[in-house]
Amino acid sequence: MNPAKKKNFKIEPFKHKVEMDPKYAEKTWKILEDAIHEIYNHNASGLSFEELYRNAYNMVLHKYGEKLYSGVVATMTQHLREIARIVEAAQGGLFLEELDVKWREHNKSLQMIRDILMYMDRTFVNNFNKTPVHELGLNLWRDYIVRSPKIKDRLLNTLLDLVHRERTGEVINRGLMRNITKMLVELGLPVYQEDFERPFLEAASDFYRLESQQLIETSDCPDYLRKAEKRLNEEIERVAHYLDSKSEAKITQVVEREVIGNRLKLLVEMENSGLISMLIDDKYDDLGRMYNLFRRINTGLQTMRELMTAHLRETGRQLVTDPERLKDPVEFVQRLLDEKDKYDKIIQQSFNNDKMFQNALNSSFEYFINLNIRSPEFISLFVDDKLRKGLKGVSEEDVELVLDKVMMLFRYLQEKDVFEKYYKQHLAKRLLSGRTVSDDAERSLIVKLKTECGYQFTSKLEGMFTDMKTSRDTMQGFNSTWAGAEGNDGPTLTVQVLTTGSWPTQSGARCTMPTEILAMCDKFKMYYLSTHTGRRLTWQTNMGTADLKATFGDGNKHELNVSTYQMCILCLFNTSDHLTYREIEQATDIPAPDLKRNLQSLACVKGKNVLRKEPMSKDISEDDVFIFNDKFSSKFYKVKISTVVAQKESEPEKQETRQKVEEDRKPQIEAAIVRIMKSRRLLDHNNIISEVTKQLQARFMPNPAVIKKRIESLIEREFLERDRTDRKLYRYLA
Amino acid sequence: MAHDRVTLNVGGKYFVTSRTTLANAGRGSMLSAVIDENWQLVPDVGSNELFIDRNPAYFSVLLDLLRTGELHTPPGMLEKPLYREAEYYGLLDHVRAARKGPLNGNRLDCVASISGRATGDGTAIRASPDGGCCVAHDSMVHVYDWLLEEQIPLTLDYVNVNDVGFLSPNRVVICTNDRESGAGGMASFNVKTGNMEHKFQVVHDGESKNFTAGALASSDKHVYASCRGRSYEYGVGTWDQITGQQVTFLYEGPGRPLGDACKLQWLPRTNLLLVANLFPSSDHSFITLLDPRTKGKVWSWNDAAQRGTADEKIVMDTVAMEDCSTVCVVNQFDNLGFIDMRASNQAVRWSHRYQPSKISEAEERCYSKLACSGSQLFSSKNDSVYVFCSPDWDAAKGVQTARLRRPEGGAISDISVGGDRLFVLHSEEDLFDVWETPGPSQIVNTY
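Read top to bottom, the protein sequences are chains D and W. Under the numbering used here, read the first sequence as residues 1 to 734, first letter to last. Under the numbering used here, read the second sequence as residues 1 to 447, first letter to last.
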């Protein structure tokens, strides 16, 4: 601008008029300052909000914002120093109460001051990046009260002391605590965390370290856990009552670490009250508590699982290898089932059905069941027992329940084919002797096996059922054509035609039958072959039964239910009262072990001895003489002479079954090898072993040595050849 | 309820209203404080009224706003005093909400044309988050608040301004060339005081380096700028908005496209930074999307493949539209093009095939500039701004939905969108237009 021009302007008087009263700012500020004093002195009722607001507005409008702001800071600071003195002077327990009262008063005053200075907050504070009045008030409170040297430590110690007193059972003023912690939170989360939470957690850590040390020396495990749980709940409750909710995770973590985490091993392994005792005594509540507490610790559940597994394996091992237990297979399996039930219940009731624990349980069972090579046999025997007598009068659902449990044990078996072998034998016996309780139960179990192991596994078992049915039909036909024509005076013959291969028959068990029976047999043979040409019938005399009508001395008449062998023996006594062992052997042609067994059951069982033996002894020797027991008597008209059968297999039988199983496995292993090699063409030894094992493990665990033998056999038969350069490689020959 | 009734004496005129109505003003308003129970109302003797020493005419309008949510001013009432009164009562936000709606390119009114006093053409205009703006003229930055009142002009050592931007309505960052003396560089200013608040430093090996700050962008926490220094200060710097301290620095090896970037854009949804090197500051065009946290290039495009063909198209401006996953570009013939942001090294799909017959015609004009808001694209061309809207950019066709033009003003040199306003800067004079979408209830304009 041109300075000459400027001089020509006459703006002096105008300017003078605009010029404000120089004392204006001072005066206005005085009014506001007085008002702030009045507000702090609870004497605000005489103040006019509108006037104060207008004054503050005018100060900001006329660019006295800075003066107003710094004035407010100074005035508030002055009051807070005063308040600090009052709070510091408060005696003992009144300290917190005084602080709380002053805090509430300060809040109210701050609210009013902010109302007055609202315009300043909106414009001046915003434009000049100052702290808004409310936040300013909180910051000043923090700096001059909460963090003043004389209050800071006293406040913290008072709070920690109160918490400690509550932990040791005293009742404290929770409302007051709540107000104070709320104040700290309102001053900003960092204030709460640094000035209270961190020392609070440290104090808790110290407290619980000491307490848990004392507790673990004096309490047993369930007691300790109960107290730990109580402490944990107390802390959670404490947070809910008077701490910031964000503290909950932190304080529970401290308790978990000090009370449980650091004592984990000690607790679990505590003698006579730790996990193992709880498991043994079925302490569902204690176990549940342990589970819930240990779940909070990283390695807690793992520690529990490991110990439980070790315990299960050890007790399981003892169970399956205890020679006492081996005497009674049914009891043996029942014990296994009871053990499984026990742990299932524990996992369900106390361990929240935790999958990891279920897996641990399953793997433990799998481990120890297979420790005993006879487990498959025993399980089959157990089923046999249940299906023969155990399930009489039991509801359908309960039958299913038992069968499901058996299936569960079956799943643990590695040698499922051995089970199949035994099961077949036992089923055959049940079917042939007509002693099965429920056809539905039998079929239900077969369906279960089928779903578990596939069609192949059960096809022969199903074949057995089919045979039974066709036999019934055949007998009906036979009886209507032959038996009906000749009247009823001859012996009645019932024949079951068994398909070779489906049944576990022992061939070559011959015996010479009485002539009248032989005649009937021939008739049946003729009938059968006339309807089914091209078939061959062999008699399995070792599996049949017969009902004999016998007359003893004094005209005692009885019907004797005996085996085919026994029938042959007894028929000899129709013509003679006195026979030597050798005579009997010659006449019947029964294999010696069977003969001995049958004679034993005829002569040596008390109350059922239709024969007498000379000399009297338990065992049969080749020089014995057998005499018809004229004095035989019984309460019942029908008398069942059971063959003395070893329920369990005898040692040679066992060997035989074993051998059969091994024999049966050979083609399966070979088939698997060929299947694999056909698709792979070239494979090394280790891979074949692992693939074969993978394919077959649903049925049994193939022995690598056996697999190697099968491979060699296949090489001999030129299904495979060894690679010329790498001897470890096998090649498939199409 | 009689208890609910309040009698106000505003500047001598009586208003009877309810506490409920006054409570609509919200806790931050003087009107809600005046009835707060903390201020136990001591009515003046003999009456039951509350006195407020303000002009009743404006209060009447504002009370009506509280009652109805609509703003109606009688003919002849000026806008500025109304805003002043609204500010006194703490009702400014109510007034603005009633007056201005969310930006919609198809419903824009030109609410003001502001001519400044600057000499020379404005080079860039930038919108502030609350509806203000600033215009760069050579070494000066003129700042306007949301009322479009000019604030104190800003300058950083009187060095030519490369870019300028708002961190908040009250904070502006200016990027300039550096000088040997250490002047220039990059600094933030308080708009209200006109004072420099912080000078941003590039630190390498504990040593502050001089640098030329090029383009600028800001996220809610950080501020980014392309920097050209002598060696290790060449790249994109990241600073914390509150502390002003350098957070990271993205260096680049030979070729150095990052430090030469002439446009940065922060993409808040994907947390990526668009960095564009365009003609004329570089011969080849590069567009890159960087992830500042990993310092990795997430997406990139360059025009190397297209160069040398017959219709040579040089990308002059670009804007990324996150809502459409598209990077929009414009060439020297005002042709729009689109690049898919979802895969790297895509070709541009040009929407128009226009090429002027006379090159001289093109030389006289300003090159086209781009801005976007949601899924709307604004593109300047000569003296108009065109609005495009298409949900499907894959079709490579922006659907033109509106054209904004003022009879005076001439060619447009820059546009910017922010605070629900579109700012259009003209090249001939120191003049810019402000466009906004009217709110649900419009003030009765009396001009």
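It is possible that some hints are incorrect.
[Unchecked claim] Examples of chain D residues lying across from chain W (beta carbon under 10 Å, computed): (1) Glu50; (2) Arg114; (3) Met118.
[To be verified] Here are some of the chain W residues that sit facing chain D, going by a computed Cβ distance under 8 Å: (4) Gly28; (5) Met30; (6) Val34; (7) Asp36; (8) Glu37; (9) Asn38; (10) Trp39; (11) Phe51; (12) Ile52; (13) Pro56; (14) Gly90; (15) Arg117; (16) Asn170; (17) Met196.
Calculated directly from the structure, the hints in this document are not laboratory data. Backbone N, C-alpha and C define an ideal beta-carbon position, used for all residues, glycine too.
So, going through the hints one by one against the coordinates:
no.	hint	result
1	Glu50	holds, 5 Å
2	Arg114	holds, 9 Å
3	Met118	holds, 6 Å
4	Gly28	holds, 7 Å
5	Met30	holds, 6 Å
6	Val34	holds, 6 Å
7	Asp36	holds, 7 Å
8	Glu37	violated, 11 Å
9	Asn38	holds, 5 Å
10	Trp39	holds, 4 Å
11	Phe51	holds, 6 Å
12	Ile52	holds, 5 Å
13	Pro56	violated, 14 Å
14	Gly90	holds, 6 Å
15	Arg117	violated, 13 Å
16	Asn170	holds, 6 Å
17	Met196	violated, 13 Å
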